[in-house]
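Visitor: Protein chains in written order, with my numbering: chain A, 1 to 675; chain B, 1001 to 1251.
To be clear, the hints were calculated from the coordinates, so they are not data collected in a lab.
All residues carry an ideal CB built from backbone N, CA and C; glycine is no exception.
There is no bait here: all hints are sound.
Simulated pairs of lysine-lysine, DSS-like, Cα-Cα distance not exceeding 30 Å:
1. B:Lys1094 with B:Lys1010
2. A:Lys592 with B:Lys1020
3. A:Lys214 with B:Lys1208
4. B:Lys1209 with A:Lys210
5. A:Lys340 with B:Lys1094
Over the 12 Å line for every Cβ pair with chain A, so calculated as not near, a few chain B residues:
6. Leu1009
7. Asn1075
8. Asp1099
9. Thr1102
10. Asp1211
11. Glu1212
12. Thr1219
13. Ala1226
14. Ala1250
15. Glu1251
Residue-level listing of the chains:
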Amino acid sequence: MANLTNLEGMIDSSPIMKDFADIESSKLPEYQIDSKIPEGPIAEKWTNYKAHQKLVNPANKRNLDIIVVGTGLAGASAASTLGEMGFNVKNFCIQDSPRRAHSIAAQGGINAAKNYQNDGDSVYRLFYDTVKGGDFRSREANVYRLAEVSNNIIDQCVQQGVPFAREYGGLLANRSFGGAQVSRTFYAKGQTGQQLLLGAYASLNRQIQKGTVKSYNRREMLDIVMIDGRARGIIVRNLVTGELERYAAHAVVLATGGYGRAFFLSTNAMGCNGSAAIQAFKKGAYLANLAFTQIHPTCIPVHGEDQSKLTLMSESLRNDGRIWVPKKKEDAEAIRAGKKKPTDIPDEDRDFYLERRYPAFGNLCPRDIASRAAKERCDAGYGVGTGNAVYLDFKYAIDRLGEDVVRDRYGNLFDMYQMISDDNPYHTPMMIFPASHYTMGGIWVDYELQTSIKGLFAIGECNFSDHGANRLGASALMQGLADGYFVLPYTMQNYLSDQIKVPHFTTDTPEFDAAEKGVRDRIAKLMAIKGTKSPDEIHKRLGHVMWNLVGMGRTLQGLVKAVDEIEEVRKEFYSDLRIVGSADDLNTELEKALRLEDFLVIAKMMAIDALNRNESCGAHFREEYQTADGEAARNDKDYMYVSCWKYTGDNEKPILIKEPLKYEAIQVQTRNYKS
Amino acid sequence: MEKTISVNLKIWRQRGPKEKGQFVNYHLDNVSTDSSFLEMLDMLNQQLVENNQEPVVFDNDCREGICGMCSLYINGHPHGPVQSITTCQLHMRKFNDGDTITIEPWRSAAFPVIRDLMVNRNAFDQIQQAGGYVSFNCGGAQDANSTPISKEIADVAMDSATCIGCGACVAACKNGSAMLFVSAKVSQFALLPQGQVERKRRARAMVKKMDELGFGNCTNTGACAAECPKNIPLSNIARLNREFIKAKFAE
Chain A
1 MANLTNLEGM IDSSPIMKDF ADIESSKLPE YQIDSKIPEG PIAEKWTNYK
51 AHQKLVNPAN KRNLDIIVVG TGLAGASAAS TLGEMGFNVK NFCIQDSPRR
101 AHSIAAQGGI NAAKNYQNDG DSVYRLFYDT VKGGDFRSRE ANVYRLAEVS
151 NNIIDQCVQQ GVPFAREYGG LLANRSFGGA QVSRTFYAKG QTGQQLLLGA
201 YASLNRQIQK GTVKSYNRRE MLDIVMIDGR ARGIIVRNLV TGELERYAAH
251 AVVLATGGYG RAFFLSTNAM GCNGSAAIQA FKKGAYLANL AFTQIHPTCI
301 PVHGEDQSKL TLMSESLRND GRIWVPKKKE DAEAIRAGKK KPTDIPDEDR
351 DFYLERRYPA FGNLCPRDIA SRAAKERCDA GYGVGTGNAV YLDFKYAIDR
401 LGEDVVRDRY GNLFDMYQMI SDDNPYHTPM MIFPASHYTM GGIWVDYELQ
451 TSIKGLFAIG ECNFSDHGAN RLGASALMQG LADGYFVLPY TMQNYLSDQI
501 KVPHFTTDTP EFDAAEKGVR DRIAKLMAIK GTKSPDEIHK RLGHVMWNLV
551 GMGRTLQGLV KAVDEIEEVR KEFYSDLRIV GSADDLNTEL EKALRLEDFL
601 VIAKMMAIDA LNRNESCGAH FREEYQTADG EAARNDKDYM YVSCWKYTGD
651 NEKPILIKEP LKYEAIQVQT RNYKS
Chain B
1001 MEKTISVNLK IWRQRGPKEK GQFVNYHLDN VSTDSSFLEM LDMLNQQLVE
1051 NNQEPVVFDN DCREGICGMC SLYINGHPHG PVQSITTCQL HMRKFNDGDT
1101 ITIEPWRSAA FPVIRDLMVN RNAFDQIQQA GGYVSFNCGG AQDANSTPIS
1151 KEIADVAMDS ATCIGCGACV AACKNGSAML FVSAKVSQFA LLPQGQVERK
1201 RRARAMVKKM DELGFGNCTN TGACAAECPK NIPLSNIARL NREFIKAKFA
1251 E
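Isolated chain A (complex conformation) (with noise of 0.2 Å):
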């Protein structure tokens, strides 16, 4: 790195950023950024859109090949929709089902404006709530449209049999979610994303039972393969066999979640990874946005080093629970040494910090401004359990609604914490602790999904769209199966539509010898390392400094540091990595070490876009910029935009690209969550 060594005092990283990234690029015309918003009123938008977009008829449906990568809520619920209108799909999972995908780990519901509650919600409501959580960084049209479709949603899915939970009178019932003033959270007690992804498992099943959609399991996508500029294949490494394989279609579709084990510990599954984005960028997909990562405030604390994941319990728990840590030092340092026990902190020396700081939300703000509370009465030294913990306490609903109901409506989460902490919630508050959980950031896409590559989309977590700075509780499930089910299904006609004439592809051509030659050779170095070090012992030596100068609270001087360790870690990867075990057959410590490759390029990106945001928004908070009682300082002068960053080589710097954020229906303002 280059002449860093006058950062004392510096907050704003403008003048060294030339020396992380190309900034000055982005300004020749071959770098305008085409994010395709339809244009009229933005109720108008999708509308116009769909009736004016070019169409493929059924006949020629049957001559086209779509490759979908994953089978979480967004993959299945593609690949199936794709199948029923004909397509000939190609669907892949790492794992040994498409059931298994992460999405099948999410809790609390999904969201949609159907207003059943009759507390004044509306698609605009949505809309607007999803645009302001997100700190207004997303893009409007984007968001409206998966507003717009959020209650076809729900009706899909209770068309497919998913048993959202009901009324007596046999209608469905709701909760409420962070950041929303109405209740739109439809559920299935705390299994929502289980019961969505089976319901999409289960379409997907039909579709392969026809023949339309064909399911490979346990492959992993370890690259794309380019013609002529558009992507037309993939090549996989089939986990079972250790074989390369190669697909070819007309176009591809990722949809691999997110890269929240960049932390090593998150709530993500131990499978999770980012590889597939890293693969799109190494081939010229911008990555936008990758700041913002949420650090979900429920999670069971940290208990020591061996520890693997971390469990997020439902944000739901966050209707009937009061978060609060002691009020006076002595007590918290009390809790800490054992002497005392939450149970003996009488109410008036609880201090119920988000009901004192956002009196308006409450318990129920979003995640980010939870998250950070809790880290800035940890840091003051007001932490229970190991210092880094505050309580989540049941007593107040036990005591207005009797533990039967509370059984009732979290009785599965509470098992759930006691089986991992020993503790049981219905007697002493729960401890909880904020941890990685969803990157709102990923592969940049337009309007209709498609990344800056022609042919490739990105739907779900692994695209940037639709939550900006934040996400709201509830709305990962929204999106992901907007995504697949309603949007992408027609805006990939549109590309599609003139491809008819395209012959199916062989994988019989230079392209993909080439790719598959790249993918033997980086797998063959990585092997030839004969290090001394697992991928897992590297991978939290990631993780500690992503959480720590990447995490919760950013400053200037942290992430230029933090640029320099990742480097490190870098070096030592590719100096001290064992890989035991042979390449051509199956080697799960050689699909970690992939991915822990792609992973190190992630988080130094992350911390690069975090470096140039001079500002702090939803999840990403620079300690510099802070209003004076500690809220994020937003700079929509200099910062009202998607960060996109374009990959000019292993060592080059990364090209910055700019799209402007426009906001026409909604008035921006500051987020305030206290009045």
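Based on these hints, arrange chain B on the given structure of chain A.
Guide: Using the frame of chain A, we list chain B on its own:
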């Protein structure tokens, strides 16, 4: 406060489906009782890698008891000695210092071993593909509230739908039967109005596929429900039997 224990592990290791497997003994010190069972296996694998040995292969993913990926027969029980949880939710505080823990893969003709503790459960997908769905195309659904469903029925359907498809029921059954798995899906749709149209066809198709794939017959032993990490009740099997007989008579 953190407590650590030492454990002896007796783990089934097998290179591939056709190869002969055997138990291998390992010893592990300093296992935190706050660790999960799979974190303990991570520690073992770290130790193996340090000695340049291949790690023990086992399926796992979400590590919060919902994806159904983890399996393992631990001390003679699918998902270990604690009821109503998956292996990934099992914690080392349930074991004592010096314990010997025996770890085997699911053993069933329909689930061939891939490597060590990892098995092939594709048969479950094939059963679902035979009829585990409501046939309709995306976009054609009516308003979600246009068909009321009583809370009681919805709750029972939800209990059936809770199945995570892990295969513990098959592994627990002396006959290797998949009846609990199949009955859970058939029940969910048999209970809900959306599943009525294809009710008979679904029961026939899924049972036929199950039989084809080499799963054993049900002899009402109940081990499946006793070992199910999600407490899928045995009443589902009774319902499947009724559904199947009705469907057969209707033929």
